[in-house]
Amino acid sequence: MSEGVEIRFEGLAAGRQSGVRLPWRLSWRPVMPLLLAAPLLLFMLVFYALPVLSMLMRSVNDPSWTLSHYASLPGDTVFLKVFSNTLYTSLTVTAGALLLGYPVALSLVRAPRYAPLILFLVLLPFWTSVLVRSYAWMVLLGRHGLINEALLAAGMIDRPLRILNTPLATQIAMVHILLPYMVLPIANALRQIDPSLARAASGLGATPWATFRQITLPLSMPGVAAGVLLVFVLALGFYITPAMVGGTREITLSMLIAQQVDQLNWAYAATLSVLLLATALAIIAVFYRLPGVGHTLRASAR
Amino acid sequence: MTGAGRGASVSLSNLERRYDRVAAVAGVSLDILSGEFLTLLGPSGSGKSTTLMMIAGFETPTGGDIAIDGKSVVAMPPYRRNIGMVFQNYALFPHLTAADNIGFPLKQRGVGKAEREKLVREALALMQLPDHGERYPRQLSGGQQQRVALARAIVFKPRLLLMDEPLGALDKQLRENLQLEMRRLHAELGITFIYVTHDQEEALTMSDRIAVMNGGLVAQVGRPEDLYDRPGSRFVASFLGESNFLPAIVRGVEDDIVVAECEGSIVRALCPGRPATGEKVMLTTRPERIRFADGAFASTAPQNRLSVTVTEAVFAGERCRYMLQARDGTAMVLKEPSSAAIRRRAVGERTEIAWSVADTILV
Amino acid sequence: MTVARALPAMLVGLILLFLALPIVVVMVVSFSSATYLTFPPPAFGLRWYSVYFGSDDWLRSTWLSLWVAAAVVVLATLLGTLAALGIARLPKALRVLASALILSPLIVPVIVVAIGIYYAFARYGLVGTPAGLIFAHTCLAVPFVVTSVNASLAGIDPRLEQAALSLGATPIGAFFQITLPLIRPGVLVGALFAFITSFDELVVALFISGSGAVTLPRRMWDDLLYQIEPTIAAVSTLTIVLTVVLMGCAHLLGKRAAA
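Respectively, the protein sequence lines represent chains D, S and W.
The C-terminal residue of the first sequence carries number 614 in this note's numbering, and the numbering is unbroken.
The C-terminal residue of the second sequence carries number 357 in this note's numbering, and the numbering is unbroken.
The C-terminal residue of the third sequence carries number 463 in this note's numbering, and the numbering is unbroken.
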């Protein structure tokens, strides 16, 4: 038991006794915090943890204890195609978000005059539901959507392009939806860089580009790693956007899982769920070992 | 109430606080008299803050006892101890105005609204902040926050006030003003003050008595001048002010004066015990009590003398500071009040120094 | 301005346009007078808003979403705040375990949560009921409440509680007079997040709302399967306005709490 925490939060745990020569706060100490946390913990066990776990168990106990559902995955061409498509989509979306997100984060920190406007424009989509944003991309990318109409009007194409219901539509919409998760941690890391470092570097003769490459960029890497982690893991589990704008040919793991549930194929759905969860956890575990990432993640969670 | 009864007496006996195997406080026994201004002085990690926290009730002793007015309070929760406390960084409630902060302890004690407002007004006036009651802590300067914290800690008329480095965050000028103000307040209220600080000057200026702490123990207790003039250990001598240390060998004892050989000369020092002849000892003396003894120098008091070489000379405004080296290599410091009439010594100069036997202590 | 400076600024401007454009387009389309989805609209009008406000189905779903979200706010804020207070004081091992359970919905892919809940709620008899939605959404909303309250708890100087005790407040008194007022912004931010989480939630609703408890996002989804007409743009615009206002409040509150 850590002493520091006890000292801090003695308050609520205080017992009242006068006769006994016991330290006054020993009596209630472990009980009270547990009582406070217990209702939520029970609630989440009943309505969340046990449901999810019992569903996941179907991957090993359907119809009886077996690992056959996992054993058949490597030879399952549908699964392999969907899984690699999911990873590929997550990768391209992460790369796209990083490419677009870093300049925005940099301008958020470097251009204080425009920072409120930039922050608003970054947070606006962040606060809008995924459904509405995916719908917006249906409007934009459709046959008669803004993009096609604009390109036609400009004479750059003579027939509407087919973008909606392709993987490209999924990627564009997901980059848009996940961009704030990239911008905020990077901006956070950039903000923590002491501005005198850049001044010192230019005082020592570094050009602005050299200063950026040798000072700013390396020091912002924890933020980049945190953003990449967030975007990649969130992208892995995306369901609504690919289902709405991506069409039915190139589906993602989430969509395959939903299909299997619709067909009441619980064992397969559970197996795929375990795989999806394990992939996400493995990536988080790897990233958390990188120096500074955990801290940056927690800081930008606020 | 009589003047003597206004302050609580506090008695710590063999007080101990261990974390796992490390003792933050390793057996402190100390009697603090009613109405006294006692300072716990020590470097960080010496156990002074932990001792204070145990008196306040935020730390539970792992051994020993704390008695206030003869009654043990170890099992009593802090909110029943009726002790005023001023925290490091003040711990003013940020969501309450200065007046509500000061009224807080009165409210806890069920004091009625009208009476409360009157007492708060009085406290604000006492702290010379009559017009600041409606301000929030963040709208007050550091010094004003400090005074609000003080007002809050005394408004309910506790008989004991604890202060944990209350001036640490303020600049020097303000700190010196507030030191005087606290002395005045102490005299006015007549209650017992226990004050924790690592700043020896602060301790010397304000306290009736100082308890110097080191390594979880009380190294020495006494009036400021006694501690300064008669440090009982090398630690106290070096922590409280600046000291020179001279290794010496005992050659004999005359009454309470020890005669020792030091750097090839015979020096005499005050000594409470009776060290054996031939024993290796350490003598200490303050830099400002040594004089150059080669010019027109006369003294009736018994003197110690040494020949030295000046190795460094620094002019520091109100005084000059010289680094000296004795014959066998012991380094010493001498501080001399500066005056245009006194000749400055040059580096490399060989000269004689002298200081009085009464300023020489065996530690 | 030199080219070297103007170029990055233009690049950032384009990215920001990319961020804002879809939302602006949806809002513009919602005021279209056309009977089909086209951009730019031939003329402007409020016809799609009147379709929305004239439709019992849309209004019923809106009310359901609103009151489910309100119930989630009450449940998640109460349970989450109490738990945050408790967890901060738990011994380390228990604290890590409890936090892992409470925060895991942020990490577990939502499809996994959704089908797990569907799987169990079918047996609990909660599919197609508002209660089922409330319980499920509460689990998804609680992490935001706990992290938000935790952050404001961590920002409180522990000496404030000690000061209150030394001034004579009982532990309970210190909690209500000092701790609670100081974490109030954090609690409010958590409550706002809980509201939005439930109000916008679709994936879980797809599985468990059945035909008996069709929330607003669920109805939008169903509608989209058949036609892309601008009613949805009108509904979207209304929800954008609602969420942006609420999240703006949360943002300002969060800033004030941090100051």
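Where hints are given, some of them may not hold.
If we take Cβ atoms under 7 Å as the criterion, some of the chain W residues that face chain D in the derived model are [to be verified]:
1) Phe235
2) Ala238
3) Thr239
4) Pro245
5) Pro246
6) Leu286
7) Ile291
8) Leu305
9) Cys343
10) Leu442
By construction, these hints were calculated from the structure, which means they are not laboratory data.
Think of the CB as a built atom: it goes at the ideal place given N, C-alpha and C, for glycine as much as any other residue.
These are the hints, each one checked on the structure:
1. Interface restraint check for Phe235 of chain W: the shortest CB-CB distance to chain D comes to about 13 Å, outside 7 Å, so the restraint is violated.
2. Among the interface hints, the one on Ala238 of chain W is violated; its C-beta lies about 10 Å from the nearest C-beta in chain D, farther than the 7 Å criterion.
3. Here the hint on Thr239 of chain W is broken, as its CB sits about 13 Å from the closest CB of chain D, past 7 Å.
4. Given the 7 Å rule on beta carbons, the hint for Pro245 of chain W is violated: about 11 Å separates it from the nearest Cβ of chain D.
5. Contact between Pro246 of chain W and chain D, as hinted, is not supported at the beta carbon level, the nearest pair being about 12 Å apart and thus beyond 7 Å.
6. Taking 7 Å as the C-beta contact cut-off toward chain D, the hint placing Leu286 of chain W at the interface holds, the least distance being around 5 Å.
7. Among the interface hints, the one on Ile291 of chain W holds; its C-beta lies about 5 Å from the nearest C-beta in chain D, closer than the 7 Å criterion.
8. At a threshold of 7 Å, the smallest CB-CB gap from Leu305 of chain W to chain D is about 6 Å, leaving the interface hint in force.
9. About 4 Å separates the beta-carbon of Cys343 of chain W from the nearest beta-carbon of chain D, less than 7 Å, and the hint is met.
10. Given hint, Leu442 of chain W at the interface with chain D, is violated; its Cβ is 10 Å from that chain's nearest Cβ, farther than 7 Å.
Checked against the numbered hints given earlier, this structure breaks hints 1, 2, 3, 4, 5, 10; the rest are met.
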